[in-house]
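Participant: Please model the complete structure; the sequences and the hints are all you need to start from.
Number of protein chains: 2
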Amino acid sequence: MESSSARRALYFPSGPILRVVLFWNVLSLFVVSSNALLSPTFSFATGSPNRHRCEDQSLTTTQLRGTSASYDTTNNNNGRNERATPEGHQDVMDDRKIAETFLENFERSWNTLSGNQVVQQFFVQDTTPFWRDMVAFTWNIATQEGTVEISQALDGQGVLNHRSNCHFELSDKPLPIRQFTQDGDEILEFWTDLHVDSVGTGKGHFRLVKEVEGEEKQELTKGFKIHTLLTTLLQLSERPFQVGSNRIRGHEAGAIRNRKYWPERRQEKNINEPHVVIVGGGQAGLALGARLHLLSIPYVILESGSKPGTAWRKRYPSLHLHDPVWYNHMPYLPFPETWPVLCPGMKIAEFLEFYSKALDLNVQINSRVLKIRKSEGSGDVWEVLVQERLDPAEEKMTTAKTRTISAKHVVFASGNSSKPKLPKNIPGKFLGLQLHSSQYRGGRPHAGKRVIVVGSNNSGCDIVQDLWEQGADHVTMIQRSPSMVVSTNSVLTHGLGALYREDAPIPHEDADLVATSVPFKLLIPRWKAVNQKMKETDQDLLKNLAEAGYQLDDGPDGAGIFAKSATEGGGFYIDMGCADLIIRKEVHVRYATLARLEPDGVVIQDKATDEEEYLPADVIIYATGFETLDQWMATLCGEEISKKVGRTWGLGLGKRPRDPGPWEGELRNMWKPTAVDGLWFHGGNLAQSRHYSRFLALQLAARYMDIPTPVYGVPKPT
Amino acid sequence: MESSSARRALYFPSGPILRVVLFWNVLSLFVVSSNALLSPTFSFATGSPNRHRCEDQSLTTTQLRGTSASYDTTNNNNGRNERATPEGHQDVMDDRKIAETFLENFERSWNTLSGNQVVQQFFVQDTTPFWRDMVAFTWNIATQEGTVEISQALDGQGVLNHRSNCHFELSDKPLPIRQFTQDGDEILEFWTDLHVDSVGTGKGHFRLVKEVEGEEKQELTKGFKIHTLLTTLLQLSERPFQVGSNRIRGHEAGAIRNRKYWPERRQEKNINEPHVVIVGGGQAGLALGARLHLLSIPYVILESGSKPGTAWRKRYPSLHLHDPVWYNHMPYLPFPETWPVLCPGMKIAEFLEFYSKALDLNVQINSRVLKIRKSEGSGDVWEVLVQERLDPAEEKMTTAKTRTISAKHVVFASGNSSKPKLPKNIPGKFLGLQLHSSQYRGGRPHAGKRVIVVGSNNSGCDIVQDLWEQGADHVTMIQRSPSMVVSTNSVLTHGLGALYREDAPIPHEDADLVATSVPFKLLIPRWKAVNQKMKETDQDLLKNLAEAGYQLDDGPDGAGIFAKSATEGGGFYIDMGCADLIIRKEVHVRYATLARLEPDGVVIQDKATDEEEYLPADVIIYATGFETLDQWMATLCGEEISKKVGRTWGLGLGKRPRDPGPWEGELRNMWKPTAVDGLWFHGGNLAQSRHYSRFLALQLAARYMDIPTPVYGVPKPT
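Sequence order for the protein chains is A and B.
For the first sequence, this note's numbering gives the first residue as 9, with consecutive numbering after it.
For the second sequence, this note's numbering gives the first residue as 9, with consecutive numbering after it.
Hints are not guaranteed to be accurate.
[To be verified] Reference excerpt, derived from the structure (chain A facing chain B, CB under 10 Å, subset only): (1) I256; (2) P344; (3) D511.
[Stated by the list, open to error] Under the rule of at most 30 Å between Cα atoms (straight-line distance), these lysine-lysine pairs were calculated in the DSBU-like manner: (4) B:K432 to B:K615; (5) A:K322 to B:K315; (6) A:K593 to A:K379; (7) A:K268 to B:K593; (8) B:K322 to A:K268; (9) A:K365 to B:K365; (10) A:K365 to B:K322; (11) B:K365 to B:K409; (12) A:K315 to B:K268; (13) A:K651 to A:K724; (14) A:K268 to A:K365; (15) A:K322 to B:K724; (16) A:K268 to B:K315; (17) B:K432 to B:K652; (18) B:K724 to A:K457; (19) B:K663 to B:K724; (20) B:K365 to B:K322; (21) B:K315 to A:K315; (22) B:K365 to A:K315; (23) B:K432 to B:K651; (24) A:K268 to B:K457; (25) B:K315 to A:K593; (26) B:K181 to A:K181; (27) A:K365 to B:K315; (28) B:K322 to A:K315; (29) A:K322 to B:K268.
These are calculated hints, taken from the structure and not from any lab test.
Values in this document were obtained by computation on a predicted structure and should not be read as measured data.
C-beta: ideal position from N, C-alpha, C; glycine also.
Facilitator: See the structure below:
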């Protein structure tokens with residue numbers, strides 16, 4: 009378990025960082041994309057049971073091949089293939105007509121009828137329907153599963169208000185309408201523009217399936233019913249993001265007495281009473297800051313380092329992103345098309361520093377948050393106690409002053425606590441050098457040394473490789489629990505290639521939306537299939553690793569890397585070269601526990617034989633991750649608040665200690681209201697920070713603008 | 009005249025800068041775009057004479073409405089309008105067939121026949137045809153005008169080699185094929201992909217016109233002949249730019265002993281024997297550096313300031329771009345879509361600094377070039393004597409060391425000399441503060457003061473406005489020669505809107521290509537028409553300015569702002585608010601010469617009355633520009649070399665002292681071989697630096713790769 013958090017350190021380096029999960033959108037990718045965009049001949053879960061012969065999970069395997077563009081449907085090996093060919097043009101027109109008629113009826117009911125009536129008329133009855141809402145109707149990020157849940161939610165007070173005056177209009181973006189047959193089910197998938205009352209606009213996504221029983225009765229809509237519905241709010245009517253055609257002019261026309269120069273106008277934003285305090289100036293904090301800035305919502309980003317993105321700057325020098333650069337763009341300022349596919353961490357650090365300037369963000373550097381507490385005077389204002397480093401060269405802030413910032417909303421965008429998590433209660437004393445991975449500055453100082461690395465996930469493996477590459481004499485990895493290894497190739501193709509690739513058919517922010525269109529419940533069987541595909545691709549690698557003694561697992565329910573990411577936030581290694589070293593026995597891996605320390609080595613207990621063994625060592629490096637956010641939150645806000653909020657991240661799959669049930673249907677407490685009013689959580693990798701910052705910013709903006717935001721389904725205090 | 013160079017200072021701030029011309033592609037925009045992209049109902053030069061009834065210049069007015077997308081042809085008010093409508097689909101197919109047949113025949117002849125034969129068969133005979141080549145066949149940027157010139161060029165030795173194995177293939181990019189009728193002429197315009205022998209690939213553009221006489225004979229190609237042909241080289245086959253699908257991986261797969269970390273790999277590029285020395289780290293130098301970097305050609309950029317883009321950083325604080333941000337993107341890393349339409353100069357400075365990091369450019373800061381001379385040992389190597397500032401805080405480089413860098417190629421990308429050009433031989437002595445515009449740091453120190461600003465173009469007007477805005481007591485502008493004023497609105501719409509705008513129909517780099525497709529000779533009548541259009545839009549503004557005493561002119565031949573830009577590199581003001589101050593008499597303008605200085609004021613001589621008048625003043629600011637590149641080149645390279653190269657910039661229109669004849673057909677000595685081997689000139693505004701850096705980089709790369717580069721039409725020493 010510890011080793012899974014060690015991996016996190018890779019992506020949310022040593023600074024204060026929230027959850028560190030490499031793949032976010034990936035969670036949904038496979039499902040969503042059907043991989044058809046990647047390879048027209050790719051087809052998975054063939055022969056999966058027909059929807060009408062199974063329930064729930066098996067359903068998902070039958071339903072989710074869709075969502076790719078209509079030009080890419082050659083993987084449907086049934087009679088309707090020709091719909092996507094030129095001769096099928098008329099069929100596409102029919103599909104549009106069906107969709108438009110469906111939307112017309114649906115909109116009328118949605119605006120006027122009870123939840124029960126809407127569900128009865130428009131949602132599938134013979135299997136579980138889903139409605140995922142991203143802030144549009146529930147002021148929450150929530151998935152309703154089943155007719156009863158959906159019906160109740162639709163009648164929720166706030167929801168009812170918002171859905172009285174909506175408009176759904178068929179749209180070709182992010183993807184055009186697509187009709188196809190899958191395992192005997194006829195499926196019609198399309199996107200809509202969505203007007204949510206007077207509040208704002210967004211996108212809707214409908215995945216319809218034809219119900220056999222209803223077909224005769226509904227000639228116009230051919231008996232199609234909703235299997236999954238996505239509703240998203242993307243823009244507030246009163247205050248659109250100042251981007252593109254809404255951007256500012258920059259130089260106001262005409263002559264203006266005492267005109268402020270640009271640097272001064274930027275400085276003006278440095279207000280002391282922001283609406284939102286963002287804790288952490290990494291990708292998450294900066295992305296949210298950018299969104300709020302472009303909504304003209306007063307905010308401040310508090311960064312403990314001397315530059316935005318300091319966490320990236322402090323990582324080991326060999327660090328490269330393990331996933332491709334085209335997946336990791338920040339909002340509004342994508343990485344240059346010249347950047348390496350697997351980008352050096354230092355370039356990310358430089359980029360984030362510039363990003364804060366380019367977007368004119370209000371970042372207060374050298375500012376460490378000490379305490380967050382409710383103001384005694386006014387119950388709904390937070391007081392954030394900040395320690396400001398006066399001497400930037402001084403890491404420990406011994407010369408510092410403190411001050412208090414008040415705000416209605418505080419967002420944790422700080423990754424993990426930055427407090428290294430070290431193995432506890434290991435007896436004995438080691439006289440050599442011991443480092444946590446966050447203190448590791450590259451392998452050169454350890455050339456010629458015997459090094460033990462505790463941890464077998466991303467950062468553990470990266471460090472082992474770097475040590476070998478820079479000439480360490482003897483490197484041994486202590487693996488304390490099974491992990492997963494996936495090739496970079498598997499990540500680039502099976503993992504991300506469907507929606508995010510060099511020549512991707514749609515822009516990455518559209519891809520984010522597409523990836524959002526599938527409820528988590530329906531993702532899990534997809535994850536299994538993808539895991540299977542990856543294992544096929546990587547079979548030689550995995551076989552050889554196992555033979556070399558590296559212990560492999562399959563993730564919860566066999567759902568692989570994505571399930572690990574969503575539930576534990578880690579527990580895998582995307583191979584950048586270490587696997588080959590392990591296989592060639594250039595470095596050594598021991599599946600063992602750390603029994604005790606000796607002055608010049610460690611004693612391990614082999615997990616297979618239970619036998620103890622002494623390993624001599626000059627250096628021990630703990631790639632064992634960081635303490636969790638719960639503890640960090642408790643430190644800053646106190647135990648009471650931390651307990652009230654409960655866990656963050658995880659789906660409630662109930663398969664691993666880190667992700668206890670009940671099933672949540674969304675990532676716990678992330679980017680949405682928590683049980684503690686005004687306390688929010690934002691995080692994840694670059695892609696997640698990009699996508700979810702938008703929804704979080706809209707929620708914060710609505711509150712600033714005094715738009716009523718009744719939340720449906722806010723979690724109860726634990 | 010001096011005031012025109014003063015304006016330059018605005019865009020190529022005080023650092024060492026080449027020619028400073030706000031509009032570059034604008035030169036061609038109007039012509040090219042036909043404005044149809046901007047406004048379907050816009051039609052200019054209506055009633056211009058038929059091609060068959062006129063020669064040369066009038067020809068141009070009849071021919072150049074084209075080049076917009078086929079969906080946007082509603083400005084053609086003749087019988088063929090319906091070709092662009094859905095019913096006209098069959099016609100488009102016919103057009104494609106005509107174009108393909110034409111290309112098939114053309115390619116065969118191009119590859120095998122003599123120049124004379126090619127011209128006779130494929131170029132118009134009843135009027136002047138044009139062939140513009142951008143490095144593809146001539147290894148030069150050159151326009152051939154007329155059948156004789158084209159025929160001779162086609163038989164030029166290098167050209168002949170390159171055109172023996174070429175392929176032209178109809179393409180829909182940058183714009184799809186378009187057929188239309190204009191003033192009785194049938195025109196067919198299309199783009200092609202172009203394979204130039206084994207050298208590389210690019211784009212071709214054909215503007216065909218139907219010759220009445222030939223119609224009967226050529227049934228397949230309907231008698232169409234080439235009126236203008238553009239050939240461009242955009243990529244070298246052996247060494248494509250490392251962008252997009254050619255980008256590097258970043259982290260080499262597998263384990264590699266002694267792997268270099270990223271900062272070290274970047275550092276490796278800091279070689280001492282580059283192939284190219286680029287003098288100047290502003291937009292021009294950095295854009296060229298980026299191109300060379302992505303071709304893996306060793307180069308070094310020498311920047312005298314302490315940061316890349318220092319010239320922008322040192323400008324007055326009120327500076328904003330006078331043209332829109334979407335026109336000014338640097339290569340590979342466009343400005344964020346959040347940036348203000350009229351961007352603050354300081355943001356450009358910050359961007360250029362980051363640009364050099366983001367693109368991993370080899371910039372040596374604090375490095376001032378003192379001398380450039382041919383190596384005594386080897387005749388074809390330049391020795392560049394560089395002074396390095398040791399104390400970055402020290403502006404004057406009194407603590408400095410010198411060193412010599414050798415390279416086969418030296419590129420001036422330094423804008424003007426940064427040597428202020430001041431009015432000469434003004435008698436008398438002024439006891440107050442005198443500043444050149446490059447020393448002006450904003451109006452606040454001058455609040456309450458009486459200020460005289462000499463110069464009436466962009467920087468003069470900006471400074472006058474800033475002084476008033478920041479509270480100067482009394483501001484008088486001395487206008488020494490007539491100038492032009494254009495509203496920002498005119499620039500955004502008539503000036504750039506056709507190809508460059510918020511919702512532009514094609515990417516800006518495609519727009520650059522489109523703008524390149526029209527020879528300069530054919531642009532001039534367009535410029536006149538556009539100037540007329542701008543004057544209509546701005547008629548109230550201009551009338552009121554004239555009434556307030558501001559002297560207006562029309563540019564050479566009445567061709568307005570674009571002709572001024574191409575010939576003089578300045579001489580206009582794009583109104584950012586100063587015009588209103590002049591009109592309201594909040595500030596004062598005097599059309600006068602500076603007769604002499606007095607201790608506490610100046611004496612001017614009114615140009616209308618010849619009468620002298622005393623103006624009291626506390627401060628005099630000279631917005632009078634910089635010395636020209638000729639002088640800067642002479643300082644660095646010596647008089648002999650400077651004379652051999654001759655003038656840079658200008659078309660040879662022969663209408664103004666700065667732009668003597670003969671007609672050149674291209675901008676003199678810019679981005680192409682000069683009379684001095686290995687000495688090159690690069691410059692212009694951000695858009696020009698973006699576009700032309702590509703062609704210059706390809707020429708330098710070919711020489712590095714020892715690809716034979718026989719130049720056709722290299723200028724003879726003057």
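Participant: Decide, hint by hint, whether the structure agrees.
Facilitator: We went through each hint and held it up to the structure:
no. : hint             : result
1   : I256             : holds, 5 Å
2   : P344             : holds, 4 Å
3   : D511             : holds, 7 Å
4   : B:K432 to B:K615 : holds, 18 Å
5   : A:K322 to B:K315 : holds, 24 Å
6   : A:K593 to A:K379 : violated, 48 Å
7   : A:K268 to B:K593 : holds, 23 Å
8   : B:K322 to A:K268 : holds, 18 Å
9   : A:K365 to B:K365 : holds, 14 Å
10  : A:K365 to B:K322 : holds, 18 Å
11  : B:K365 to B:K409 : holds, 25 Å
12  : A:K315 to B:K268 : holds, 25 Å
13  : A:K651 to A:K724 : holds, 11 Å
14  : A:K268 to A:K365 : holds, 18 Å
15  : A:K322 to B:K724 : violated, 57 Å
16  : A:K268 to B:K315 : holds, 25 Å
17  : B:K432 to B:K652 : holds, 27 Å
18  : B:K724 to A:K457 : violated, 67 Å
19  : B:K663 to B:K724 : holds, 22 Å
20  : B:K365 to B:K322 : holds, 20 Å
21  : B:K315 to A:K315 : holds, 18 Å
22  : B:K365 to A:K315 : holds, 16 Å
23  : B:K432 to B:K651 : holds, 23 Å
24  : A:K268 to B:K457 : holds, 19 Å
25  : B:K315 to A:K593 : violated, 48 Å
26  : B:K181 to A:K181 : holds, 23 Å
27  : A:K365 to B:K315 : holds, 16 Å
28  : B:K322 to A:K315 : holds, 24 Å
29  : A:K322 to B:K268 : holds, 18 Å
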